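> Protein chains in written order, with numbering that gives the first Met the number 0: chain Y, 0 to 340; chain E, 0 to 400.
Hints are computed from structural coordinates only; laboratory data are not their basis. On a predicted model such as this, the values are computed, not experimentally measured, just so you know. Honestly, I wouldn't trust all of these hints.
[Claimed, not checked] So the derived label-pair ranges between C-beta atoms look like this:
id, chain 1, residue 1, chain 2, residue 2, range
1, Y, 153, E, 201, 19 to 29 angstroms
2, Y, 28, E, 28, 34 to 44 angstroms
3, Y, 102, E, 70, 46 to 56 angstroms
4, Y, 28, E, 70, 51 to 61 angstroms
[To be verified] Residues of chain E placed beyond 12 angstroms of chain Y at every Cβ, according to the derived structure:
id, residue
5, 91
6, 203
7, 205
8, 314
9, 398
Backbone N, C-alpha and C define an ideal beta-carbon position, used for all residues, glycine too.
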Amino acid sequence: MNTKTFAAFVGPSIFLMLLFIAAPLVSVFMQSFYVTQPVFEQVEVETCTPGFPNQTCVTETKIQPVLGDDGKIVTTVKYVGLESYSNVLEPGRAWEALSALDFDALLTIDFWKALRFTLTFTLVTLPLVIGVGLAIAITVNNATRMIRGPIIFVSLLPFIITPVIGALSIRWLFIGDGIMTAFLEWWLGRDISMFGQGWTIELLMMFYRVWHVAPFAFLVFYAGLQTVNQDTLESAVIDGASRWERLRYVIIPHLMPLIVFVSLIHLMDSYRVFEEIVGFSSQAYRISLQWLTYDLLTPDDSGNRSISRASASAMLTMIGIVVLLIPLLRKTWRDHKGGRV
Amino acid sequence: MLKKLLLAGAMSLAVTGAASACDFTNTTPVKSLTAGFEAWKAVTSFMAKCGDFEAELDQEFRTKQPAAFAANPSLYQIGGVANGTLVPLLNEGTVRPLDDLIAKHGQNLTANQLIKINGETMAVAMMVNAQHLMYREDILTDLGIPVPKTYDEVLSAAAKIKEAGVVEYPIGGTFKTGWNLGEEFVNMYLGMGGEFFGPDNAATIENEQGVASLEMLKKLTEYMDPEYLVSDSTYVQQQFQQGKIAMANLWASRAGAMDDPNESQVVGKVKMAGAPTANARAASTLWWDGIVIAKNASDEEAEAAFRVAMNGMTPEMVKENNDVAVWLIEGYEPGPLALGVVQTAEAGALPYPASSQMGLMHTALGNGVADYLTGAKDAETTLKDIAAAYTTSAKEAGLIK
């Protein structure tokens with residue numbers, strides 16, 4: 000392919016990537032170093048609101064933004080350097096807690112609490128997703144052709160369900176005296192509240208994520224299984240390799256690139272865990288980094304939102320993903336270079 | 000055949016049009032953005048009778064409204080607001096003073112409905128709302144417990160109910176982390192006589208009233224479903240309807256549902272009373288809901304919008320929906336369901352102190368109070384951290400220098 004054709008093919012997608020990925024990223028990066036504030040003034044305001052039987056009026060000094068000639072709020076933009084980052088990370092308090100080896104104190108700071116949960120969530124679900132996905136793929140591959148179709152269909156169902164809906168339906172099974180809680184209570188003969196403490200919610204969230212994503216891993220692995228070299232497998236059988244040995248020494252090495260691929264996708268996805276927090280309304284006990292950004296961006300009743308801190312938190316989330324991906328990317332890079340030589 | 004059907008449809012439309020209460024035929028397109036609860040459904044369905052009107056009912060309206068009204072022309076002419084949600088619109092100057100329009104078209108309004116800021120009417124209220132005590136009359140009578148007037152009495156009543164074991168949990172509470180839990184603290188803290196801000200908007204919650212409020216909230220949770228941190232108004236309403244709880248400080252707008260035979264197993268057994276008092280006054284805040292008219296609309300549109308809105312707030316509407324809310328509109332006959340709000344107001348409950356600072360404080364409280372209830376922090380640390388969170392966001396917003 001000559002350079003011109005190549006450019007014509009790749010050009011549009013590079014342009015779109017610059018427009019929709021790079022540009023917003025740069026803008027968020029810039030925003031995390033600045034704060035935009037309205038200019039405020041102090042005014043005496045008399046406010047009358049309904050009461051019984053008559054209105055209640057209060058006069059108080061209120062602080063309100065100054066409106067410019069164009070009818071818009073006058074704002075100032077200020078460079079604050081790393082202040083937004085330090086507001087999110089709270090390094091002083093974090094260091095104090097760390098040097099006293101008081102992890103409970105560290106985990107009362109939002110960012111660190113969210114980081115703890117996000118990392119646990121990501122690293123616990125990763126092997127489970129790969130394990131369960133592989134198990135289903137091998138089971139389906141060994142099933143007779145007749146029931147293969149229905150099994151594939153059923154095991155793909157969780158993947159089709161909209162994430163938030165899936166999380167909500169699991170929540171409804173367990174919240175209050177939901178069907179599953181009632182069943183567990185009957186079975187174990189004791190009062191259970193799944194949403195009354197953090198670790199049970201965390202368990203439910205991980206269970207949900209594995210249930211939801213395992214079909215994706217299954218699909219990829221199942222496709223990979225179709226290309227396993229049958230001759231190698233046969234010679235392994237003749238050499239007297241057991242089922243386990245065939246899996247360990249033939250199938251898994253063959254699937255390794257796919258396992259790395261699924262891990263990459265899963266790490267990126269689950270580090271941004273968010274639906275579970277909303278679906279299970281776990282904010283009191285467990286929050287994630289992505290939820291923290293969302294919470295900072297959500298306007299309150301009075302319309303305030305913390306754009307700068309949200310940008311800082313989003314940048315930190317991105318840095319976290321990159322750090323997590325480095326080992327896997329290095330492996331892929333090395334394999335890639337090795338393949339060329 | 001089709002023609003006949005269409006004709007019949009047109010006829011019936013014309014008939015309902017004639018029977019409906021709208022006093023003019025609207026030809027200017029008018030749109031409204033309001034919350035989605037029962038009272039708004041009632042009011043907007045009456046507004047719709049004027050024609051050329053489109054209502055958007057959305058419980059998440061507060062996230063859209065400021066931006067939609069800041070657009071020029073505004074995306075909606077009528078907005079539904081409450082104490083808190085009026086603040087961003089006033090700050091940005093996107094709603095118009097209504098005094099001229101009221102003089103022309105607002106003859107039905109009572110003085111109590113007019114929300115006045117520095118003498119100018121900026122919004123027209125239609126109803127009031129407050130959290131107040133709802134209780135199972137049958138249970139309290141059986142156990143010989145008088146209706147609790149203070150939070151200490153609530154606790155002792157709860158202890159007796161728990162001992163008798165007649166319901167699963169004696170108390171229900173809207174303690175869901177976030178806005179709900181923040182509101183619970185605001186209610187209790189004001190009830191204890193606390194003040195949120197000192198000079199220069201500094202937070203002043205680190206005091207004995209703050210500690211007392213946290214302690215009282217925690218004592219209440221001991222009588223609640225252990226999943227209280229995920230329980231919102233709907234959840235508490237259902238707990239009542241299913242006979243699982245005996246008392247709760249719940250929104251007046253939920254009172255009607257207790258006697259809905261399609262949903263409730265306790266029809267006629269739930270009675271209303273004022274919010275229990277804490278040390279200083281009733282531990283509740285008074286809220287109003289009402290309408291505003293966009294500034295970024297032509298005078299003609301604004302007039303049409305105002306007339307449409309007035310036709311939603313008529314005595315006829317109230318007559319049809321008397322028990323849906325505690326209306327401020329003429330023609331409302333306060334029934335037993337309104338007792339809670341009236342008694343709460345009489346016991347000195349304050350209007351919710353809406354302001355920019357309060358929005359930030361409410362968020363900080365909603366996210367921070369849970370740490371005390373779960374035992375992760377003690378009361379002093381909790382308050383200190385909430386105040387610190389507030390200070391950080393207030394500095395970022397420019398409210399504190």
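> Run every hint past the structure and note whether it holds.
Status of the hints after comparison with the structure:
Our hint of 19 to 29 angstroms for residue 153/Y and residue 201/E is violated, since their Cβ atoms are close to 60 angstroms apart. Checked against the hint of 34 to 44 angstroms, the pair residue 28/Y and residue 28/E passes, with Cβ atoms roughly 42 angstroms apart. Checking the proposed 46 to 56 angstroms range against residue 102/Y and residue 70/E shows it holds: the Cβ atoms sit about 48 angstroms from each other. For residue 28/Y paired with residue 70/E, a C-beta distance near 28 angstroms fails the hint of 51 to 61 angstroms.
Not every CB of chain Y is more than 12 angstroms from the CB of residue 91/E (nearest about 6 angstroms), against its label as outside the interface. Every CB of chain Y lies more than 12 angstroms from the CB of residue 203/E, the least distance being 15 angstroms, so the non-interface label holds. Every CB of chain Y is more than 12 angstroms from the CB of residue 205/E (nearest about 16 angstroms), matching its label as outside the interface. At the 12 angstroms boundary, the C-beta of residue 314/E stays outside the reach of chain Y, the nearest C-beta of that chain being 17 angstroms off.
With a least CB separation of 6 angstroms from chain Y, residue 398/E falls inside the 12 angstroms interface cut-off, contrary to its annotation.
In this structure, the hints that do not hold are numbers 1, 4, 5 and 9, in rising order.
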